[in-house]
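Student: Sequence:
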Amino acid sequence: MDQSATEIIRQLLTEAGVPEPSIAWRLTEAPHRRAQCVQYAESQWAFVERLLCDEGINYWFESADDSETVIVLADHPAAHDPIAGDGRLRFQDAGGMAHSASSLFAFSRSLRMTHEAVHVADYDVEQPDLLIEGKAGKGALEHYEYPAWVPDAAFAARRAKVRLEQLQRWAERATGQSHSARLTPGRLVTVEGIADSELNGDYLITKVGHELLQPRDESEARHYRNQIELVAHDGERCHRPALPSGRPCIAGIESAQVAGPAGTEIHVAELGEVKLRLPWDRSGIEDDTASCWARSMQLNMDGSMMLPRIGWEVSVAYRDGSPDQPLVLAKLYNGTATVPYPLPENQATASLMSGTSPGGGSVNEVRLVDDAGKQQFGVQASGDQGVTVGGNLTTTVAVDDKHSVKGNLTESVKGGQTLFVAADQTVTVGSGCMTKVAGGRSVSVGGVEKIGVDLSYALDCAGGYGEVVGGLHFVRCNQSNDTLKAGLVQNIGGAMVITAASGVNEQVVGGRKEVCGGARTVAAGQMEDKAYGIKTLTTGASSLSVGGDLKTTAKSSATISAAAVSIKAGETVVLGTGSDVVINAPAIKIGGYRLAGVHKVSGDVDLDNTSTTCGSGTKAKS
Numbered sequence: 004m005d006q007s008a009t010e011i012i013r014q015l016l017t018e019a020g021v022p023e024p025s026i027a028w029r030l031t032e033a034p035h036r037r038a039q040c041v042q043y044a045e046s047q048w049a050f051v052e053r054l055l056c057d058e059g060i061n062y063w064f065e066s067a068d069d070s071e072t073v074i075v076l077a078d079h080p081a082a083h084d085p086i087a088g089d090g091r092l093r094f095q096d097a098g099g100m101a102h103s104a105s106s107l108f109a110f111s112r113s114l115r116m117t118h119e120a121v122h123v124a125d126y127d128v129e130q131p132d133l134l135i136e137g138k139a140g141k142g143a144l145e146h147y148e149y150p151a152w153v154p155d156a157a158f159a160a161r162r163a164k165v166r167l168e169q170l171q172r173w174a175e176r177a178t179g180q181s182h183s184a185r186l187t188p189g190r191l192v193t194v195e196g197i198a199d200s201e202l203n204g205d206y207l208i209t210k211v212g213h214e215l216l217q218p219r220d221e222s223e224a225r226h227y228r229n230q231i232e233l234v235a236h237d238g239e240r241c242h243r244p245a246l247p248s249g250r251p252c253i254a255g256i257e258s259a260q261v262a263g264p265a266g267t268e269i270h271v272a273e274l275g276e277v278k279l280r281l282p283w284d285r286s287g288i289e290d291d292t293a294s295c296w297a298r299s300m301q302l303n304m305d306g307s308m309m310l311p312r313i314g315w316e317v318s319v320a321y322r323d324g325s326p327d328q329p330l331v332l333a334k335l336y337n338g339t340a341t342v343p344y345p346l347p348e349n350q351a352t353a354s355l356m357s358g359t360s361p362g363g364g365s366v367n368e369v370r371l372v373d374d375a376g377k378q379q380f381g382v383q384a385s386g387d388q389g390v391t392v393g394g395n396l397t398t399t400v401a402v403d404d405k406h407s408v409k410g411n412l413t414e415s416v417k418g419g420q421t422l423f424v425a426a427d428q429t430v431t432v433g434s435g436c437m438t439k440v441a442g443g444r445s446v447s448v449g450g451v452e453k454i455g456v457d458l459s460y461a462l463d464c465a466g467g468y469g470e471v472v473g474g475l476h477f478v479r480c481n482q483s484n485d486t487l488k489a490g491l492v493q494n495i496g497g498a499m500v501i502t503a504a505s506g507v508n509e510q511v512v513g514g515r516k517e518v519c520g521g522a523r524t525v526a527a528g529q530m531e532d533k534a535y536g537i538k539t540l541t542t543g544a545s546s547l548s549v550g551g552d553l554k555t556t557a558k559s560s561a562t563i564s565a566a567a568v569s570i571k572a573g574e575t576v577v578l579g580t581g582s583d584v585v586i587n588a589p590a591i592k593i594g595g596y597r598l599a600g601v602h603k604v605s606g607d608v609d610l611d612n613t614s615t616t617c618g619s620g621t622k623a624k625s
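Take any residue in the sequence shown, count from 1 to its spot, add 3: that is its number in the numbering used here.
Warning: the hint list may mix true and false statements.
[Claimed, not checked] FRET-style restraints, in silico, Cβ to Cβ:
1. R285 / C252: 18 to 28 Å
2. G90 / A156: 33 to 43 Å
3. V432 / G364: 25 to 35 Å
4. Q350 / T421: 37 to 47 Å
5. G338 / S415: 47 to 57 Å
6. E268 / Y126: 23 to 33 Å
7. A156 / P347: 49 to 59 Å
Calculated directly from the structure, the hints in this document are not laboratory data.
Please read these numbers as outputs of a predicted model, since none were measured by experiment.
All C-beta atoms in this analysis are idealised placements derived from N, C-alpha and C, irrespective of residue type, glycine included.
With the hints as constraints, model all of the structure from the sequences given.
Tutor: Structure below.
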């Protein structure tokens, strides 16, 4: 995990018992780090060779007479040393004469048409619009490689150069035979003595085949010879191993388990990738180092995000079949992680459910029940739920619709609202209720409207207030207080009846005018009129009938002015003062009554009773 090819090779060689001093690293470039690199269905050495070929690193073995064998790994032309001793090998064609022990007695060279250019490319999940590309060479014979398994453009350019050198490794190839035992692969040799001077020069030995002969006697041919393969060496072009072959390929779909750090339930990267514990992985690692980040397939929607959780069994495919690139396809149920609803009883039920994390205990769910006659569509939110509608929302309920809100309910309507209830409507408010209307408000009731208030009822109207009642208007209360800042006008088309079980108290700071077009009757158990100023009573005619005593008291003076004044009493009329009683009239007539005392008049006084006693100036009629 997250290692370069050289780090992986060093680890494998060490595990195989190859000590570090036995490895000669002759590298000039550092390979890129691999998020995941899997040894799959191959031996350890095949795995090492595959990595070396992929990176274009050549290897060979060297050993001296008094030292251990060393494996050399190189990626540049200067990494090769000349053969031991004299680095030259002379060609000898003696025409049947015996060859020397260090001679080259057979040599041939061949040219092969190879690729002239390389183009490698790969996909970058972080920048999907930008293809990772690298090119090397020019010409019509181009090798195209996808995917190149490189992380960026710089490594893609290096990969293209390495691939071109790998493809051209046998562009110019030579073979020969020799008796020299100094020839070993990975070493340089200078060939001389060939008649065709173009064949002379520096060569890299790539392969040596040894042949040991057992002669009948010492006079026969020499005991040792070899067959060699060589490539021209110019000091610039590096001889590379062949292209990697036999890459592991997983063609089918496998299952894996989502992995992550201990104590967590969800472990994902920025793009929804997860870590996996693959079934063939023998390391036993189950935490967040079990694999590289594996992308997770989602529904074909713009915003689908249903991320696998740690411990889930999931189906896995591999990009281009490479075990280094797993992809999560879907969740799988097993004997431990079972379906949310028992089967086959709920085989017609579909559910999208996600559990609360961490800890669980509740779920968010969209459930569809398709059982005939029991169809349901259910939505469950374990916490908050938000619904946003960009256009119109139409909800049609064929039967009942029930809403239960344990907390507050807030509705905001920026436009108009229309509520139509074909039958009865009942609204019950457990506490206060407030309705605020910025504009006009109209309430139309086709039948009876009844308002019941257990405590106080207040109506606050900043402007005009009007009530139009087509029938009877009845108000019943324990106490009624009306306070008007301006005038009060009451127009009553019919009779007006005011009934008070207790007293009626009217207080008018200014004037009070009462106009009655017809008769006015006031009936009271006891009645008192009190005027702090002048009281004037003007009528067309006036009648005062008192069932008991009538007493009129004036603190100062009392004046009765009329064309005629008549006082009739069933028995006695008493006028009593602390001083005189003065009656100024052209004539005073008192009928049916007795006038006692002394009275002063300016005219005659008619007495219609012979028993009346008068004083001076009184005329008695018999």
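Student: Taking the hints in turn, state whether each one holds.
Tutor: Each hint tested on the structure:
1. R285 / C252: 18 to 28 Å: holds, 19 Å
2. G90 / A156: 33 to 43 Å: holds, 41 Å
3. V432 / G364: 25 to 35 Å: holds, 34 Å
4. Q350 / T421: 37 to 47 Å: holds, 44 Å
5. G338 / S415: 47 to 57 Å: With a Cβ separation near 51 Å, G338 and S415 satisfy 47 to 57 Å, so the hint holds.
6. E268 / Y126: 23 to 33 Å: Since the Cβ atoms of E268 and Y126 sit about 31 Å apart, the hinted range of 23 to 33 Å holds.
7. A156 / P347: 49 to 59 Å: Since the Cβ atoms of A156 and P347 sit about 55 Å apart, the hinted range of 49 to 59 Å holds.
Hint violations for this structure: none, all hints satisfied.
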